[in-house]
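Given the structure of chain G, go ahead and fit chain P onto it with the hints provided.
Just so you know, the protein sequences line up as chains G and P, in that order.
Each residue of the first sequence is one higher than the one before, counting from 1 in my numbering.
Each residue of the second sequence is one higher than the one before, counting from 1 in my numbering.
Simulated from the structure, these hints should not be mistaken for lab results.
All of these numbers come straight from a predicted model, not from anything done at the bench.
Beyond 12 angstroms from chain P on every Cβ pair, some chain G residues (computed):
1) Arg67
2) Asp85
3) Pro94
4) Val139
5) Ser197
6) Ala232
7) Arg239
8) Thr248
Restraint-style ranges between C-beta atoms, simulated for each label pair:
9) Ser228(G) x Ile79(P): 45 to 51 angstroms
10) Ser10(P) x Leu101(G): 26 to 32 angstroms
11) Ser197(G) x Ala64(P): 46 to 52 angstroms
12) Gly70(P) x Arg227(G): 34 to 40 angstroms
13) Ser48(P) x Ser130(G): 36 to 42 angstroms
14) Glu208(G) x Lys2(P): 47 to 53 angstroms
15) Ser168(G) x Ser57(P): 40 to 46 angstroms
16) Ser57(P) x Pro34(G): 49 to 55 angstroms
17) Asp198(G) x Ala23(P): 54 to 60 angstroms
18) Glu250(G) x Gly70(P): 25 to 31 angstroms
For glycine and all other residues, C-beta sits at the position ideal for the given N, C-alpha and C.
Residues per chain, in single letters:
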Amino acid sequence: MRLRLVDTPEGASGSLNMGIDEALLGSVSRGESPPTLRLYRWTPPCVTIGYFQSLEAEVDIEACRERGVDAVRRLTGGGAVFHDDEITYSLVIPLGHELALRDSGDVLASYRSICAGLVRGLAELGAEASFEPINDIAVGGRKVSGNAQTRRRGCLLQHGTVLLGLDSELMFTLLRIPAEKLKGRAAEARSRVASLSDILGREIPYGEAAEALARGFELAWGAELVRSGFSASELAEARRLAEERFSTREWNFRR
Amino acid sequence: MKGKADLKVSGGKLLRAEVEIEAGTVLAASVDGDFFAHPEEEFEAAESELSGLPADSLGDAALALFSRPGLTIYGASPIDIAKALKEAARAAQAR
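Just chain G, same shape as in the assembly (with noise of 0.2 angstroms):
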């Protein structure tokens, strides 16, 4: 099983970081693309919300304006997530691809497949890792990646992060936990969620993370990772949306 692998450290804004994952989905649906594993991160740091959430109930807009931080709603459901030191992944496969397939198919069955590489990365880096159903993976218990999946045109979007450094304080600055989440577990809450460098006592690089997750992902995934750039209708599509959709205030406040 061969898969393009895009890796862009340099990074790129909350907008434009959807714009290219909805591009890639148009584009491997087409079959203009091959299946792509894309590996990156963001530049500003960047509130993500989920499909169904509300921007404004869920992310102190003011806060992030004052910071510098990007807000985004994402094509995928899910939680609201402050994305800064960390490694971000998408993968973007038809759901006849052999990835897809797996056990049952269904999209549980799929999160486990896939975060399985994630698992198997974050053993490269020396953290014993566990697939945490439906979407998490954690450490200790300790929650260090969550993932998020959507399917359309007959192919299914996974993307997910990996904490690599985390400032809480700034994370609960921005995020507006609500009170029926926390009903007497705000420790509890903040406590939940750790990162790599937390973990294992070192700072990790984004480049010693990129390596060892493409890493993982070939080992259990079985799959030959080859690397290539973007082309340059991806990015052109990819631009289109980001100035069309994602940074558009219908979109990201539309519930």
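Only chain P this time, still in chain G's reference frame:
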């Protein structure tokens, strides 16, 4: 009148329901949250079909609409969604 209700469900996800009611009829109803729905558009279709229904039967109608074949929700159940909407409707009618 608008009413809102937050409901934390088993597993930790949070539903935020909002219902607008006028003269006993649902004008608009929505459920936000950190759940997953596949396909996403089916969930939104179910939400929009709540408009125009009698407010008193919102819970039962929501249970049926969000249990529709072809819609799969992870992180919350149709029962949770119906409960959140019913509470939001109650809040709207209490105003």
